[in-house]
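For chain A, the structure is supplied; the task is to place chains B, C and D on it using the hints.
Protein chains in written order, with my numbering: chain A, 13 to 355; chain B, 13 to 355; chain C, 13 to 355; chain D, 13 to 355.
It cannot be assumed that every hint is accurate.
Same chains, same names: a pair is fine if it fits in one copy or spans any two.
Derived lysine to aspartate or glutamate pairs resembling DMTMM-like cross-links, with alpha carbons at most 20 Å apart [unchecked claim]:
1) Lys-234 - Glu-179
2) Lys-234 - Glu-166
3) Lys-57 - Asp-131
4) Lys-127 - Glu-95
5) Lys-307 - Asp-139
6) Lys-127 - Asp-17
Think of the hints as simulated: they come from the structure by calculation, not from any bench.
Note that this is a predicted model, so its numbers are computed, not measured.
Protein chains: 4
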Amino acid sequence: MIRFDCDYTEGAHPNIIAALSESNFEQTCGYGEDHHCENARAYIKKAIGCESADVHFLVGGTQANMTVIASILRPYQGVLCAESGHINCHETGAVEATGHKVLALSHKDGKICAKQVRDYVATHWRDAAHEHIVQPGMVYISQPTEYGTLYSREELKELYAACRELELPLFVDGARLGYALAADKSFTLPFLAANCDVFYIGGTKVGCLFGEAVCITNDALKRDFRYMIKRMGGMLAKGRLLGIQFEEMFRDGLYFRVAEKAVANALRIKAALIQKGIPLLMDSATNQQFPILTKAQQATLGEKYALGFWDTTGGERDAIRICTSWASSDENVDALIADIMAL
Amino acid sequence: MIRFDCDYTEGAHPNIIAALSESNFEQTCGYGEDHHCENARAYIKKAIGCESADVHFLVGGTQANMTVIASILRPYQGVLCAESGHINCHETGAVEATGHKVLALSHKDGKICAKQVRDYVATHWRDAAHEHIVQPGMVYISQPTEYGTLYSREELKELYAACRELELPLFVDGARLGYALAADKSFTLPFLAANCDVFYIGGTKVGCLFGEAVCITNDALKRDFRYMIKRMGGMLAKGRLLGIQFEEMFRDGLYFRVAEKAVANALRIKAALIQKGIPLLMDSATNQQFPILTKAQQATLGEKYALGFWDTTGGERDAIRICTSWASSDENVDALIADIMAL
Amino acid sequence: MIRFDCDYTEGAHPNIIAALSESNFEQTCGYGEDHHCENARAYIKKAIGCESADVHFLVGGTQANMTVIASILRPYQGVLCAESGHINCHETGAVEATGHKVLALSHKDGKICAKQVRDYVATHWRDAAHEHIVQPGMVYISQPTEYGTLYSREELKELYAACRELELPLFVDGARLGYALAADKSFTLPFLAANCDVFYIGGTKVGCLFGEAVCITNDALKRDFRYMIKRMGGMLAKGRLLGIQFEEMFRDGLYFRVAEKAVANALRIKAALIQKGIPLLMDSATNQQFPILTKAQQATLGEKYALGFWDTTGGERDAIRICTSWASSDENVDALIADIMAL
Amino acid sequence: MIRFDCDYTEGAHPNIIAALSESNFEQTCGYGEDHHCENARAYIKKAIGCESADVHFLVGGTQANMTVIASILRPYQGVLCAESGHINCHETGAVEATGHKVLALSHKDGKICAKQVRDYVATHWRDAAHEHIVQPGMVYISQPTEYGTLYSREELKELYAACRELELPLFVDGARLGYALAADKSFTLPFLAANCDVFYIGGTKVGCLFGEAVCITNDALKRDFRYMIKRMGGMLAKGRLLGIQFEEMFRDGLYFRVAEKAVANALRIKAALIQKGIPLLMDSATNQQFPILTKAQQATLGEKYALGFWDTTGGERDAIRICTSWASSDENVDALIADIMAL
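Next comes chain A alone, as it looks inside the complex (with noise of 0.2 Å):
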């Protein structure tokens, strides 16, 4: 069984275990104060444009998310998000653990709009009774959403350009951004940090054994943060490892190559499923592709890869995702294509 169902179905990019592997007799303090976490932050602020912004490494992506919106919010306020974000969706009520509601609004394409942002903030204030209603505090978006598409630089700026006159941090999940990097050249890391007030950058599912780098520029918002890392459960002992691992990824550009063969080979799936006249449930420039098949189309695959179930979208078929990743060969893509070329 060849496994495309999602993107974190092996360990870590060869370099990583490599590096953990040479790193391992070596004697360090803990808690993220080494120096291989001091080397991954200076990496990041250059990759990022922005030597001033703070670095921190997390375990995964539900923590990162949790630990973000409880820091900005305060206790009254809820988190605006697209109804098909990952923090309302499935995250299992994990930032309602901390106290506040995920204000969803409708999403086109897995995204939302500056103009839902402004409307959305308009009629809560308006509203004579608002100290009854959950007061938005911040946004949080997706880059690549949760269907693989992209914010376009436009779309970015014009939301981020909402929020900062709203008064309403800008929260970036990039737990799969690197996939976004490599879809869209124009949209850059120095870029990203420009437009919006914290984000982070996902290791777990773009090579790295698992890790998140949350760069927070906004200055109000820096405060104290390593707290609530711990007050939340994800401070890690061996820090360590989390910097060895961005330490790789930031030395010389191994994350942007590793998610750019992933979207390649995804990309190469995309086209054999157009060619051979498929439905896609989302246009997706990254490393997830949404197909709609029939049931006999999964099964046929099915027999020798696994692939992962997304939607009923009724009748007789399923959206079904696609994932490559850092860890997809040519030969596995290669033999993918080929057999939905025969279907």
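Same frame as chain A, now just chains B, C and D:
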């Protein structure tokens, strides 16, 4: 600089690194449902002599503590623990973050006893205003304690008898459990499993990169624990990383061997301290030793070794923590002993 | 200015004031354990036809909602409710403040149905990733709803049958329960008590100064509820104030008479609105009516009456809320009707 | 049975009942925005000598404490208070329910001092592991304390100077504030308002039916406090009930007269106890007195009076609480004194 300041200054036992390396390209499902986790669970159930236990792998100790405690308590209940307990002192309020008060009892060498628990509970229910007071809902201890001391078999049995009688689940934090098992061979994993309701086997400080194996032996506490893990941000996407480590540790007893060596080295250091006439804060039988050193002694040793500051003891002396681990080489221990004897 | 904008614009039914005045110098113990509370509990148990119920008096509706919900749910569970539900819209995230997600279902006239609950639960458990999704843990409805509409006997029975089958406690918010009972005489308190697990009889909006009587009929939900009340800040020191009010309300049926008069007046206003050809947002049978008025009509009535703004409906019209209560005098209602007819 | 066991055994000062009765048919808006609340706020601002203060009315003390504390602290911060503080002992973990640890300091006669706060904060920041420890974020005291004792002007000034220097907001719980003001005329409301950041004037225990007036004098703590009240379930629909009571209390000094009479009666009882040679647990100057009575004395007085049990003191004696209030008649106090003298 040779570090003896804590037991997480290196990576992991080389077998762990090798296992991660070998398994790196295997494809597995995520979230701890892969075959490595299954194997590790099977090994652990055998080692603890409890086939009916539920075993879950978490990344770190604070996360394990808050998840277990929040899973057990009703909202208005608190957790009884020693004033010196980790959850009371060094987790930045992670338990309170879940809405629960830590009910601190005075400790003797880091330990609490059955009588204290009985008295506390009796006092609570006797108070006419008991509904205005946090209700004791469970008991938390560590084996070994923060001071490296141990609960004897008899002490644990008495404590657990009290807990059962009072219907308070007993939770044992085993962040350094291996060292306790190595120090008192009569106190085995099956004995522990039979004398509490939930405990964890610490990996982070006993040779793993990270990881704690939570063992729930009381059926009433098992339900939906995986929901709790996810809700608290503790569900590792590549859960196999935990499975692979504990598989390695429990396949043929590596966990015990790692701990034994560390304890043996710690006892050699302890013997030197005693021989030299240096007072000890506690009579620890495990991998942590707490000599009381003069400022001059600290300065002399500090030229070559990183030791942990533990507490002021008044005057010119401080309690210092010396930790050994799987990674403490005999050479380094020999050197430290020689330098202690030369003080 | 004559107010019809809500049902809490005056103090309390004069009998309540008289009872508070008469009992003022009595000495009693605190926290709801006095003889007035005992009497009130006895009257209520009789009225609801459930001697085994636990009855607790709380000050307000949001407090009652959050205390009941936090008492029932496990940490990773959420509460199913109509999108228009009070807990979802107008409690500033009080439920989320206790760590739980509100799982909003689309509504029809403010109501949800058994099928929606069954479908939601089935979908949850069918999802391979269900551990990553908040688990439905209970169901919340209001009788009457936010729109003044009513669950019929049949609808409630079906909903409760689904809840029992799915093991989801059913909680009925009765902030305006009296008006529902007055509007549908077949829907009695004993019927309600037999068809949910916990509900409350609202006093604040039905003639009391304040107060909600929470009735827990399901034994499994009774334990330690007074601890919950105190922990949530809802334990009134002079609990007798609540007892005295509910004693007065339920000694000889004042609660029902108060509600009947308000509903009768509301239906007179409704008849006038219909006769005049003014559209209604909902077909409400209770003390709240929602005419859709032009801006001009609003301005005309606004010279003499305070009415509640409810919602924009597009164009030149808005949905307006007109509320009656125990305190709406026949004269004021007559005047309003005349002015409606003169529009 | 004549009750002296607490200060909330009767309803309210008759003027309060009269005012509620007189205003009963007035129509007002809800949620504390009516003219009675406006008047009461104006009276209170004048009484505390701080026109810029924000004044909010809450129903009870635990609710006031948890709302103020949760409003001030960042998630990883705790509140410093005396070990004997109400929030630490008698609120069923309401502060922890909001996610915050109570950082208990040893007390002297129920009080903490500036030096303790300075030392605690210095120790925190000096600790290399301070990020693993709950950060002190504010200070909570009560005036009078749980033991009826008082902070002198000098003590409060020193404490507040320390707080300002350390940037810790100082919150004064004034559940029985009236009695403190009556006992030490040099300690005025304007003095208090000038020497803390937020405090409340307790009504429940000083002549009202219920109600606490929270006064926020520090501008930085004012924002969105009404959202907090609603989110914590503390927003009273008929907020006017609180306004009417505080209007009555502060229109022409009723609050002070009520407290003075209670304190005068308490001091008469205290004099009798001293004259009789009965030891006192604390030298209280306020409406609560704590004689240490033998079991026999308790039994004798217990035939006629309800007294409060306070604490065991060892042997055959217990500390007993005797409370006076606005409602303690001179006759009853005379009778108690006679019976004490006859012991």
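Unmet hints by their number, sorted upward, for this structure: 2, 3, 6
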